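Trainee: Note that my numbering has the sequence shown beginning at 0, numbered continuously upward.
Treat the hints as calculated values from the structure; they're not laboratory data. Be careful, since some hints might not be right.
[What the hints assert, rightly or not] Listed below are the simulated SDA-like cross-link pairs for lysine to any residue, each with C-alpha atoms no more than 25 Å apart in a straight line:
hint	residue 1	residue 2
1	Lys6	Glu45
2	Lys6	Tyr20
3	Lys6	Ile23
4	Lys6	Met58
5	Lys6	Ala57
6	Lys6	Ile60
7	Lys6	Gln46
Note that the coordinates shown come from a computational prediction; the quantities given were computed from them, not determined experimentally.
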Amino acid sequence: MSGIYEKIQLLRAHPRLGQRYEPIVDREVRETLYGHYRIAYLIVNEQRVEILGIFHGAMEIERYLQ
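Construct the complete structure from the given sequences, taking the supplied hints into account.
Mentor: In structure tokens:
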């Protein structure tokens, strides 16, 4: 669990680290990988990100992020 926390701290320092989540175009939603998990997050501004969810890689996350 501490590894996920460290990855989130890295996102706070470098919010554009993850790939843009293409199905959503009207907000700056991105995702990054940690092991078998995908961390979805929203860039609110350059100093703030909001974690939208942490999902197992096999999950279809589209319905959770719309």
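Trainee: Of all the hints given earlier, name the ones this structure violates by number, lowest first.
Mentor: none
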